[in-house]
Structure formats: C-alpha cells, structure tokens
Amino acid sequence: MTDVTQQTGTYEARMGDYFALMKPRVMQLVVFTALVGLLVAPVPVHPFIGFVGILCIAVGAGASGALNMWWDADIDAVMKRTQSRPIPSGRVQPGEALGIGLALSGFSVILLALATNLLAAGLLAFTIFFYAVIYSMWLKRSTPQNIVIGGAAGAFPPMVGWAVATGGIAPESVLMFALIFMWTPPHFWALALFVKSDYGNADVPMLTETHGRRVTRNHILGYTIALVPVALGIAFTSIGGPVYLAVALLLNGWFLKGAVDIWRRDDADSEADQHAVEKRVFKISLYYLFGHFGALLVEAVLRTNGLGGW
Amino acid sequence: MAIKVEHELHKRRLDRNVGVGLLLIGFVVIVLILTVVKVQGLGDIREMERFRSRRTSRS
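One line per chain: the protein sequences are A and B, in this order.
Each residue of the first sequence is one higher than the one before, starting from 1 at the first, in this note's numbering.
Each residue of the second sequence is one higher than the one before, starting from 1001 at the first, in this note's numbering.
These are computed hints drawn from the structure, not numbers from a lab.
There may be inaccurate statements among the hints.
Among the chain A residues that face chain B by a calculated CB cut under 10 Å, a handful are [unchecked claim]: (1) E12; (2) A13; (3) M15; (4) G16; (5) H46; (6) F48; (7) I49; (8) V52; (9) L55; (10) F107.
Because the structure is a prediction, the values reported are computed rather than measured.
Virtual Cβ for every residue (Gly too), placed ideally from N, Cα, C.
Work out the full structure, taking the sequences as your base and the hints as a guide.
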C-alpha cells in the first residue's frame, strides 16, 4: 500500500482547518464590537496593550467556537449549513478540537489578566463558559429560548473591551451589551425562517420548529420593538451623540420596517418569493449592528478632536 | 539512491509546522513587547537603580 493517508488512518489537518474551528466570521463581529468597547471608553489605553487585549478577546471567542464545534459535532453533521465544518468533514478529530478549545481558553484568559486586569479576564472567562457550557451544552438542545439567553455570550465582547480600558463596568458598557443581546433574537430568527428544515433535521428546538413560523414572526416584531429604546438610549449617554442618534434613528426605522414586513407575511408569501423578505431582514440586521457600533466609533473619534457628544 | 516521497500529507504537515512555528514566534514577540511596555509604564526606571544602591550601601 502506498497511500500514506491510509497508513496513518486519519486525515492530518492543515493550519487552516484549525483556524476554521475558531469560527473566523463570528470572530470578526467579536473583534469589531470589543474594539469599539475599548475605544469609546473614557480611559486611554497604550496601543499595544489595547492590541493584546483585543487579540485575547478574539482568541477567547475562537476557543469557545472550537469547544462549541467539539460539542455540536453530531448536529453539525446533520445540518447542510454546517456539514463542511472541520469535525463533521473529518479534517479535524473531536479530541483535537477539545484540546485546542481548552488550551486557547486558558491562554487567552491568563494573558488578558497579565496584560490588562482581572475584571476583563474574568469577564472573558465567563463569556467562554457561557457560550461553551450554558449555551452549547445546555440551552441549545433544550429550549426554544436558546438564542435569547445564549445571545448574552455574543454580547459580552464590548463589555470586555470597556473593562480592558477602564478596569470596570459602567452603564455605557451594559447598554452596549444590551444592544447586542436584544438584537440577537430577531437576527437569528430571521435566519431560522429561511433555513427552517436544517434545525428540524438536527432536533434543535428552534422557535420555528417548536412554536411554528407564525409565532416566530410575532417574536421577531416584539423583540425588534423592544430593541429600539435600547439602541436610541445609548445616544444620550457619554458615548453617544448627534451622529449616533441620526444613524440609530435611520437603522431602527429600517430594521423595524423589515420586522413589520416579516410579521405581515405568511408562509405562502414567503415560499412564493423564496424567503426574499426574511433574507433581506437578516442582511439588514447585520448592517444594523455594524452601523450602531460604527457610529459609536465615529462619536469617539469626534470627541478626541473636540467635537461629538452633546 | 535517495528516497523521495512527495505526498499531499507532507504538504499538510509542512503547512501545519510552519503555522505553529509562526504562532510561537508571534507569541514570543508579543510577550517581549508587552514586557517593554509594562516596564516603561512603571515610571522612572532609575528609581530601581537608586533603590538597589541604597540597599547595597546600607549592608
């Protein structure tokens, strides 16, 4: 036999396969929101310490992604969207993913504690624990409220970024957390409306499967309405200002209109245009989050130049 | 005669080894710069020298 792969028995992963374990697309959002949390904070940070802080947050997010892929390998193998991930496709062994996840979790938390402060490191450790244990191991397979509560894991990065700079927690950082927390349900439910069969096949109790698509449409509208005051409220804190308020008014109007459009439709309308509105609202939700945090960044830049704020 | 084995597996291993090597170098560089930044943040480093010389003269 000349085939070396068959002799060794298992596929040997490339570096890119390990990198894919860390969910690089999710990491982009984490890095961006954490960076904004750090830059809008009223305490200046040495640029290199800030860089190490963001790097640790990104690696911590990647580590929790690897732990999630290790735990969810069985359902990832069933869902079309996730079948090509490193573990179900056989490129990475589950044990390797577990090892990488645990090692990077410890590495990122300890380095963050040494480089910045214990609160930031503690928040990062809690974020990893929340995503890997509370969300992945417990909520995801047991309740249709999985993404509502689990959304907290994705909402922590700006709080960690703020803690890197200030060493504390403030109403502003809690409001940034609340913005992502309230945004997550309508964002994911819009996705669930056009990939419905996938979650059902994997026995993941998404709201669309347990309570039906009509209820999901109602929930999207309800959560979007609840999101608006949080998003607008940030405008009147020390990190907000007229630019943020203008952007927030525009984006909330756009997102709210999308949520109403989803709510007014039924499955027949949705099937007829291949979920065009749901896909559009999902895209709007991405612009929504990047737009809000981008506006906060603009306000911070304006403030450092003596402009911005109220 | 030299044995030359060219297999896709070796490319994957090289890719991984180079990746791990670069990560380790990156880690060392980060710790080095972080140490410099932290030490500079301690204030006047000459204070440490004066403290040391005071202790030596006392003993």
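Status of each hint after checking the structure:
no. : hint : result
1   : E12  : holds (5 Å)
2   : A13  : holds (7 Å)
3   : M15  : holds (3 Å)
4   : G16  : holds (8 Å)
5   : H46  : holds (6 Å)
6   : F48  : holds (5 Å)
7   : I49  : holds (6 Å)
8   : V52  : holds (6 Å)
9   : L55  : holds (8 Å)
10  : F107 : holds (9 Å)
Violation of the numbered hints given earlier is absent; every hint is satisfied by the structure.
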